[in-house]
Amino acid sequence: MSIYSAKKPTEQEAALFKGHDILSTYQFTKEELEILMRTAGYYEEALVAQKRLYDMDGKVMAALFYEPSTRTRLSFETAMHRLGGSVITVAESAKNQISSTSKGETMHDTFTIVDGYADVIVCRSPQTGVPQIGAAAAEHPVINAGDGAGQHPSQALLDMYTIGKEKGGVDGLTVAMVGDLKNGRTVHSLIEFLAMYDTKLIFVSPDSLQMPADITAKTREKGIEIEETKDLKYAVSKADVIYMTRVQKERFASEEEYNAVKDDYIIDGALVKSFKPGAIILHPLPRVNEITVDVDEYPGAAYFRQARNGLPVRMAMIALVTGNVK
Amino acid sequence: MSIYSAKKPTEQEAALFKGHDILSTYQFTKEELEILMRTAGYYEEALVAQKRLYDMDGKVMAALFYEPSTRTRLSFETAMHRLGGSVITVAESAKNQISSTSKGETMHDTFTIVDGYADVIVCRSPQTGVPQIGAAAAEHPVINAGDGAGQHPSQALLDMYTIGKEKGGVDGLTVAMVGDLKNGRTVHSLIEFLAMYDTKLIFVSPDSLQMPADITAKTREKGIEIEETKDLKYAVSKADVIYMTRVQKERFASEEEYNAVKDDYIIDGALVKSFKPGAIILHPLPRVNEITVDVDEYPGAAYFRQARNGLPVRMAMIALVTGNVK
Amino acid sequence: MSIYSAKKPTEQEAALFKGHDILSTYQFTKEELEILMRTAGYYEEALVAQKRLYDMDGKVMAALFYEPSTRTRLSFETAMHRLGGSVITVAESAKNQISSTSKGETMHDTFTIVDGYADVIVCRSPQTGVPQIGAAAAEHPVINAGDGAGQHPSQALLDMYTIGKEKGGVDGLTVAMVGDLKNGRTVHSLIEFLAMYDTKLIFVSPDSLQMPADITAKTREKGIEIEETKDLKYAVSKADVIYMTRVQKERFASEEEYNAVKDDYIIDGALVKSFKPGAIILHPLPRVNEITVDVDEYPGAAYFRQARNGLPVRMAMIALVTGNVK
Numbered sequence: 315m316s317i318y319s320a321k322k323p324t325e326q327e328a329a330l331f332k333g334h335d336i337l338s339t340y341q342f343t344k345e346e347l348e349i350l351m352r353t354a355g356y357y358e359e360a361l362v363a364q365k366r367l368y369d370m371d372g373k374v375m376a377a378l379f380y381e382p383s384t385r386t387r388l389s390f391e392t393a394m395h396r397l398g399g400s401v402i403t404v405a406e407s408a409k410n411q412i413s414s415t416s417k418g419e420t421m422h423d424t425f426t427i428v429d430g431y432a433d434v435i436v437c438r439s440p441q442t443g444v445p446q447i448g449a450a451a452a453e454h455p456v457i458n459a460g461d462g463a464g465q466h467p468s469q470a471l472l473d474m475y476t477i478g479k480e481k482g483g484v485d486g487l488t489v490a491m492v493g494d495l496k497n498g499r500t501v502h503s504l505i506e507f508l509a510m511y512d513t514k515l516i517f518v519s520p521d522s523l524q525m526p527a528d529i530t531a532k533t534r535e536k537g538i539e540i541e542e543t544k545d546l547k548y549a550v551s552k553a554d555v556i557y558m559t560r561v562q563k564e565r566f567a568s569e570e571e572y573n574a575v576k577d578d579y580i581i582d583g584a585l586v587k588s589f590k591p592g593a594i595i596l597h598p599l600p601r602v603n604e605i606t607v608d609v610d611e612y613p614g615a616a617y618f619r620q621a622r623n624g625l626p627v628r629m630a631m632i633a634l635v636t637g638n639v640k
Numbered sequence: 315m316s317i318y319s320a321k322k323p324t325e326q327e328a329a330l331f332k333g334h335d336i337l338s339t340y341q342f343t344k345e346e347l348e349i350l351m352r353t354a355g356y357y358e359e360a361l362v363a364q365k366r367l368y369d370m371d372g373k374v375m376a377a378l379f380y381e382p383s384t385r386t387r388l389s390f391e392t393a394m395h396r397l398g399g400s401v402i403t404v405a406e407s408a409k410n411q412i413s414s415t416s417k418g419e420t421m422h423d424t425f426t427i428v429d430g431y432a433d434v435i436v437c438r439s440p441q442t443g444v445p446q447i448g449a450a451a452a453e454h455p456v457i458n459a460g461d462g463a464g465q466h467p468s469q470a471l472l473d474m475y476t477i478g479k480e481k482g483g484v485d486g487l488t489v490a491m492v493g494d495l496k497n498g499r500t501v502h503s504l505i506e507f508l509a510m511y512d513t514k515l516i517f518v519s520p521d522s523l524q525m526p527a528d529i530t531a532k533t534r535e536k537g538i539e540i541e542e543t544k545d546l547k548y549a550v551s552k553a554d555v556i557y558m559t560r561v562q563k564e565r566f567a568s569e570e571e572y573n574a575v576k577d578d579y580i581i582d583g584a585l586v587k588s589f590k591p592g593a594i595i596l597h598p599l600p601r602v603n604e605i606t607v608d609v610d611e612y613p614g615a616a617y618f619r620q621a622r623n624g625l626p627v628r629m630a631m632i633a634l635v636t637g638n639v640k
Numbered sequence: 315m316s317i318y319s320a321k322k323p324t325e326q327e328a329a330l331f332k333g334h335d336i337l338s339t340y341q342f343t344k345e346e347l348e349i350l351m352r353t354a355g356y357y358e359e360a361l362v363a364q365k366r367l368y369d370m371d372g373k374v375m376a377a378l379f380y381e382p383s384t385r386t387r388l389s390f391e392t393a394m395h396r397l398g399g400s401v402i403t404v405a406e407s408a409k410n411q412i413s414s415t416s417k418g419e420t421m422h423d424t425f426t427i428v429d430g431y432a433d434v435i436v437c438r439s440p441q442t443g444v445p446q447i448g449a450a451a452a453e454h455p456v457i458n459a460g461d462g463a464g465q466h467p468s469q470a471l472l473d474m475y476t477i478g479k480e481k482g483g484v485d486g487l488t489v490a491m492v493g494d495l496k497n498g499r500t501v502h503s504l505i506e507f508l509a510m511y512d513t514k515l516i517f518v519s520p521d522s523l524q525m526p527a528d529i530t531a532k533t534r535e536k537g538i539e540i541e542e543t544k545d546l547k548y549a550v551s552k553a554d555v556i557y558m559t560r561v562q563k564e565r566f567a568s569e570e571e572y573n574a575v576k577d578d579y580i581i582d583g584a585l586v587k588s589f590k591p592g593a594i595i596l597h598p599l600p601r602v603n604e605i606t607v608d609v610d611e612y613p614g615a616a617y618f619r620q621a622r623n624g625l626p627v628r629m630a631m632i633a634l635v636t637g638n639v640k
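Heads up: the sequence lines are chains A, B and C, in that order. The first sequence: position 311 = 625 (this note's numbering), numbered continuously. The second sequence: position 193 = 507 (this note's numbering), numbered continuously. The third sequence: position 184 = 498 (this note's numbering), numbered continuously.
So that you can see chain A by itself, here it is in the shape it has in the complex (with noise of 0.2 Å):
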């Protein structure tokens, strides 16, 4: 069976995920993730279909957002709204986020109190670790919707059921990871599950955003063969699926340096004629000038749709953790 298919779990697959937090990227068996991956898909069929769901009737989701999200927070919203549920929020503007310091037992305090309104906590905080410390507070499930330089395991899953559903499966892909590799989050959670799959990598990036090596040795470890180069266009001649990522000013030593590499990374109309043909683009969203707008046309400028996946893909982990697909 494909990673993309539509299927409920069994009493088995679903007793895998009910009770259970969403921390990171490396708590998944392939197993789980596939399971995890076809709960989306049944869940995208009832979408289509426009099916009043259930699910999640009565119950009610807590979304804490300790820093501005709008996009993640808004498509957990609708998940549980779609599945029937209720949602109560705390949406943080960027003055209002929680200071650096010594909060993390506050943090306790306060999902040990949500922990008795909510059935599902989902926890965006600027700060590594505070989603770890909920899920120690609270008896129900917490899920991690991304904790500062740490992890963002929707992103993975959605990016995931992205390559599965728009390629038909992920053996046999090349995947090229465009960008800032050393800072990106969400490049660092695929890589984790790409290396479950009969992948190829290509990174592709300045020297100063190289990968971490300790990254690309333990993927390679895992018997995945990586290429690394600054060649945009020679990677996107060989790649199926592009994964672009922002390539940040602040994040260079110098301007001089930031100026000699930015147009390097950008995917033009131009450049998309050199693409494989059947390539696809992701994109984590928001981008800046990283896709030029008229690239938007191109049939395999998936980016957007991949965004709209990350409905069906958190109503899965909502509905999994919950232990109420129905």
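Be aware that one or more of the hints could be misleading.
Straight-line alpha carbon distances no greater than 27 Å define the calculated DSS-like cross-link-like pairs of lysine-lysine that follow [as the list claims (entries may be wrong)]: (1) C:Lys-332 - B:Lys-365; (2) A:Lys-332 - C:Lys-365; (3) A:Lys-365 - B:Lys-322.
Taking beta-carbon pairs under 7 Å as the criterion, some of the chain A residues facing chain C (in silico) [unchecked claim]: (4) Gly-372; (5) Val-374; (6) Ile-402; (7) Ile-427; (8) Gly-430; (9) Tyr-431; (10) Thr-530.
In short, the hints are calculated from the structure, not lab data. By construction, the Cβ of each residue, glycine as well, lies at the ideal position given by its N, Cα and C atoms.
Guided by the hints, dock chains B and C onto chain A, whose structure is given.
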């Protein structure tokens, strides 16, 4: 049939709205305006009867409020809830408003993504044109809830609904518009609708805040009689409907200029005695001091009823554009 | 019948609440308090049984939080969702709080308008008296969720519910109140309720933060025995219930004064050994350091259970004032 009555749209009438955006008052034909008014009347009857509605059951409305507008936001959200639907919200504070530069493209991306979550998108923006960008990006209908100096169609629609309901119709009415007619988005929109009927208009404003000449000229060309004056006492003795707006200090060239006229455009208990019998007072709210609190007791003080009429009017807008009047 | 039991109100009992505001602890008779407690018990049983409730189905609650109070807001919102209803929310950040001047009139207008949207309005304000202004303006019931130095009745109600539930009743209990008894809105309210029963009170505070003399005198007049001390160890050896509050630096005249006493009003694992057997600790939360984390393991550490009791208590408040206990 009066403009105010309660009647569900026929299939043909509903088809005029289904899948369409509501971006401007200019887009409405008189027929469409009246269908919307009657649908609002239908929903008001349901509200009065405390009928539980399922018209938007299982559907999601996105409320994207990029500047604070609490009353408008709560009114739209309540409308969705009363129709049985769910709401996802972005409610920016004044300090987090979207900046005025270079956001157009990002807005396109944002609406494209939110379009994947929601069945209808309501947008408020400090920048003119943002809902239009949204409508171009989204397949689902977009409703403009106010875009800077641009349009605010739901306000004009509820104004018309209130006039029709309070006065039993619109033909034959004399409407006085008072205050800042130069910058008043609300009155500019309302004039469009009033000019569809046999109405007479009186514009009451200080010299520096007069109705723009092109609007006056265009409205006269439609055959509408317009009188311009600075004499509020005279105007209220002639008008069936008195539409008040705020006269804001910061609109004047100097404090002296403001102080010279600021008390000339206030309705108080004494002035009410000069009213034409049965006249009603409208105001888009919030008021500052344009209407003194003692006027609230006057039976024709319709501004709170007007605000409340926002609920059935917005229910009609949401249900019509999504094709869900049931 | 104990104060804590689970029982739906009779028609006559429900009539005491329907359509009434809840603005202050002072408004309650002992009978009304106990009806509310029993109704909360009824809802807690429904929560434990995971019963899907429709008591507020199709209804809308407005949560107007003009200062941040995340836990109280989430608790009220969850209560409404668990009753099957919908919520519209204003949640101001600290920086957007309503200013202290000249907003009274605007608040009147705001509540008049929101009253047209919602079936019940919950209001939190940094200014004393705002919920009262709201209640005067609105026809639907208003619930005070805290108004500055004024009242916070839902906190006192959940405190009583917790005492009744944890101790099996209130008569015969000795309650120690510890910390800032001068400024503690919570303890002032709670005393009103405790004085309805055969209780003994011990006030434990530094000299500068003593219980206001008029409250002490008034409570003694009701026949309640009150002991005042600075010796926390003595107090906890006598008390069945220890109600902790925060001792905030900024309440003291000087840092020296604060430093001299700050460690005298802390419960830690060592002090717990001096407790009267079976004693419970309450705290309105959030705590800072008044209760050390190791105390959480103590079976009588009831403060998180207390916070969670906010849910059934607020469900009872909402359902009772709207006449919807079903």
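Do the hints match the structure? See the list:
1. C:Lys-332 - B:Lys-365: holds (20 Å)
2. A:Lys-332 - C:Lys-365: Satisfied, since the Cα-Cα distance of roughly 20 Å is no more than 27 Å.
3. A:Lys-365 - B:Lys-322: Roughly 25 Å between the alpha carbons, so the hint for Lys-365 (chain A) and Lys-322 (chain B) holds.
4. Gly-372: holds (4 Å)
5. Val-374: holds (5 Å)
6. Ile-402: holds (5 Å)
7. Ile-427: holds (5 Å)
8. Gly-430: Check passed: Cβ of Gly-430 (chain A) comes within 3 Å of chain C, closer than 7 Å.
9. Tyr-431: At 4 Å from the nearest chain C Cβ, Tyr-431 (chain A) passes the 7 Å test, so the hint holds.
10. Thr-530: Result: violated, 41 Å to nearest chain C Cβ.
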